[in-house]
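Trainee: Okay, here's what each chain looks like letter by letter:
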Amino acid sequence: GESVGLHLPTLSVQEGDNSIINCAYSNSASDYFIWYKQESGKGPQFIIDIRSNMDKRQGQRVTVLLNKTVKHLSLQIAATQPGDSAVYFCAENSREAAGNKLTFGGGTRVLVKP
Amino acid sequence: ETGVTQSPTHLIKTRGQQVTLRCSSQSGHNTVSWYQQALGQGPQFIFQYYREEENGRGNFPPRFSGLQFPNYSSELNVNALELDDSALYLCASQAGGLKTGELFFGEGSRLTVL
Numbered sequence: 001g002e003s004v005g006l007h008l009p010t011l012s013v014q015e016g017d018n019s020i021i022n023c024a025y026s027n028s029a030s031d032y033f034i035w036y037k038q039e040s041g042k043g044p045q046f047i048i049d050i051r052s053n054m055d056k057r058q059g060q061r062v063t064v065l066l067n068k069t070v071k072h073l074s075l076q077i078a079a080t081q082p083g084d085s086a087v088y089f090c091a092e093n094s095r096e097a098a099g100n101k102l103t104f105g106g107g108t109r110v111l112v113k114p
Numbered sequence: 001e002t003g004v005t006q007s008p009t010h011l012i013k014t015r016g017q018q019v020t021l022r023c024s025s026q027s028g029h030n031t032v033s034w035y036q037q038a039l040g041q042g043p044q045f046i047f048q049y050y051r052e053e054e055n056g057r058g059n060f061p062p063r064f065s066g067l068q069f070p071n072y073s074s075e076l077n078v079n080a081l082e083l084d085d086s087a088l089y090l091c092a093s094q095a096g097g098l099k100t101g102e103l104f105f106g107e108g109s110r111l112t113v114l
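Protein sequence lines correspond, in order, to chains A and B. Under my numbering, the first residue of the first sequence is numbered 1, with each subsequent residue one higher. Under my numbering, the first residue of the second sequence is numbered 1, with each subsequent residue one higher.
Note that these hints are calculated values from the structure, not bench results. Take every hint as true, because none was put in to throw you off.
Cβ pair distances, simulated, as ranges:
hint	chain 1	residue 1	chain 2	residue 2	range
1	A	S26	B	R63	21 to 31 Å
2	A	Q14	B	R63	40 to 50 Å
3	A	G106	B	R63	22 to 32 Å
4	A	N53	B	E102	12 to 22 Å
Examples of chain B residues lying across from chain A (beta carbon under 7 Å, computed):
hint	residue
5	G42
6	P43
7	F45
8	G56
9	L90
10	E102
11	F105
12	G106
13	E107
14	G108
Glycine included, C-beta positions come from ideal geometry on N, C-alpha and C.
Sequences and hints are given; from them, build the entire structure.
Mentor: This is the structure in structure tokens:
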């Protein structure tokens, strides 16, 4: 498959440890945030979303935290597994935008070491 | 798999040519978005179609145009290709024209412009 993100920041994590991926955004009008996972040769896959009226949301093994004061978003993956190796993107939508127009961050590559 | 299919998967064009990329949305989805993903970067929003009409556009020149058909499939057309148009073009579908909601991405069409 193709390589996505040849020069992305990389997070190396030991299998079984927790991973934390961070994302900063700049648009004060952003009101909806999503985390996507992209494996090599594939399109982005939805992981979890959060609206601006919340500061935490949990899914299966994942937690998203939103700090609107400092415009910071994070994704926590519990008990990281080899299948979690991928590039992770945060994305946001603004209440001012027409349609579901997502603005993606630059991505973080996660490498899980056995 | 998301049910969003794109064609062709790979293609090579020369500068100045025109290209048409195709997308079939997931069953039941009436909204289609197109994104451009340059190597090593996050996807960038091109435009979105809802019920056959453009419903939001990103910062792309008019030589990027699209269509949505009554069966909700879609085309992305790019005229007068430039070298910088080389990228992975992603199609995403969702149910409804809401500003939020999970987008389901296809695996993309990799365009190389020589």
